[in-house]
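Guided by the hints, dock chain B onto chain A, whose structure is given.
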Amino acid sequence: MKVHIPTPLRSYTAKKSVIEAEGATVGEMLAEIDQRYPGFRFRIVDEQDGIREHIKIFINEKQARSLGAPLQPGDMIHIVCALSGGVR
Amino acid sequence: MLIGTRKGAFILRGDKTRRAWKLSNPIFLGHIVYHMVLDHRDGRTLLVAARTGHLGPTIFRSTDFGKSWKEAERPPAFPKAPEGQKGLVLDHVFWMTPGHASQPGVWYAGSSPQGLFRSEDGGRMWEGVPGFNDHPMRSAWTGGIGDGTPDGPKLHSINIDPRDPSHIYIGMSSGGVFESVDSGRDWKPLNKGCAADFLPTPDPEYGHDPHRVLLHPLMPDRLYQQNHCGIYRMERPEGRWLRIGRNMPKKVGDIGFPIVLHPRDPDTVWVFPMDGTEVWPRTSPDGKPACYVTRNAGKTWKRLDKGFPRRAWFTVKRQAMANDAHEPVGLYLGTTSGELWISRNEGASWAFLARHLPEIYSVEVAELSK
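These protein sequence lines map, in sequence, to chains A and B.
Here my numbering is used: position 30 in the first sequence is 163, and no number is missing along the way.
Here my numbering is used: position 31 in the second sequence is 37, and no number is missing along the way.
For reference, chain A alone in the conformation it holds in the complex (with noise of 0.2 Å):
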């Protein structure tokens, strides 16, 4: 499946906006990207495995609330910066 990386995370991707990425589930999909490139998945998921505040993770067009969430071989997964900021 093709996963969209936002630009704060394309450090972690060698700069690529779009890459491959394999997983039953989100959790396990983050945790085969993370072995890619070491450090992503803390950066957007916390110790209690909640995906954090401000980071949406869309399966096609439906937003995915855990990382229990399902996925299916030719998903497109959007990792999301919300726009939640702009005070500061």
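Heads up, a few of these hints could be off.
Claimed, not checked - These stretches of chain B come out as covered by chain A in the derived footprint (C-beta under 8 Å, 3 or more residues): (1) 53 to 60; (2) 79 to 93; (3) 216 to 229.
Keep in mind that the hints were calculated from the coordinates and are not lab data.
Quick caveat: nothing in here was measured; it's all calculated off a predicted structure.
For each residue, glycine too, the CB sits at the ideal point set by N, CA and C.
Just chain B, lined up with the frame of chain A:
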């Protein structure tokens, strides 16, 4: 000078005269850099505690004084809670301190919410210090997530006794000052004599708000702190805080964030008071920036404001004031309005060193040669 700001880090390189300075390009531009610290034991390892508005916290390392950087392989994080229980989530690393001289590679980090972490390999891999993070009293000591600074509760002011690596002091906002004599396996509150006017309890054992705590390296039984409720000195082993801020001018008061010690004279201390009245503007009292110095361990204080603007409305955060070890001692302070100030004469006069920086969070002196 190692400068941490709301929008990245900067290195300001000076010469021995402290008159020629060159500012680096921003490092990790856009990251919130809470602290950038040199390992004074090797003179080349730098650690940066950072996060961004979106991305979680991490630590970056350089072993060539900032020429190249790598991320910590295992940055500080709380343990995963058992299924069905709520675990702590690290918001940011706020504070970093190199370990004892006899323990090269050891570092300590303090976090928001209050957690203590340790690395034994120069900041590559970090582990929680369970004696603190899992202490049965930790939750009571810290008061929970909502009981902290507007920017989150913090563990800071990690001081290692230069005589004994197992003897450690920490400060927490909130929580108070705590001491361990067994390398962090157990901790005891050390807040007797310190006010906590914001609490309903008259003389609480913990729950205080030290803003910055320092041990004097030449007199390790002497501690100073700038607290939310005054300026204090403690002589060990007595273990009672004496409010030396009572001797400050009443109109100025003794509230502030930073406190700086003279490297060779344990009786000389500088503070930068702020307005802690009514809604706590945290700007200089009456908008008149000034440093204050005592040269007799707090019996008397002298105002030092030459060179500062007559009126200004910035804040100097707890990590944003530092000193060098020159003769006379140089003082440095960074402001929330992005100005860095220097005094080459122990505070007698002040001048701009840099301006138009982002909001300054921390200032550290890294002396590479005397």
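Cross-check of the supplied hints:
1. Counting residues of the stretch 53 to 60 of chain B whose C-beta sits closer than 8 Å to any C-beta of chain A gives 3, which meets the bar of three, so the coverage hint holds.
2. Only when three residues or more bring their CB closer than 8 Å to a CB of chain A does the claim for the stretch 79 to 93 of chain B stand; here the count is 9, and the claim holds.
3. Check on the stretch 216 to 229 of chain B: 0 of its residues sit with their Cβ under 8 Å from a Cβ of chain A, so the three-residue criterion for coverage is violated.
Hint compliance for this structure: hint 3 is the single one not met.
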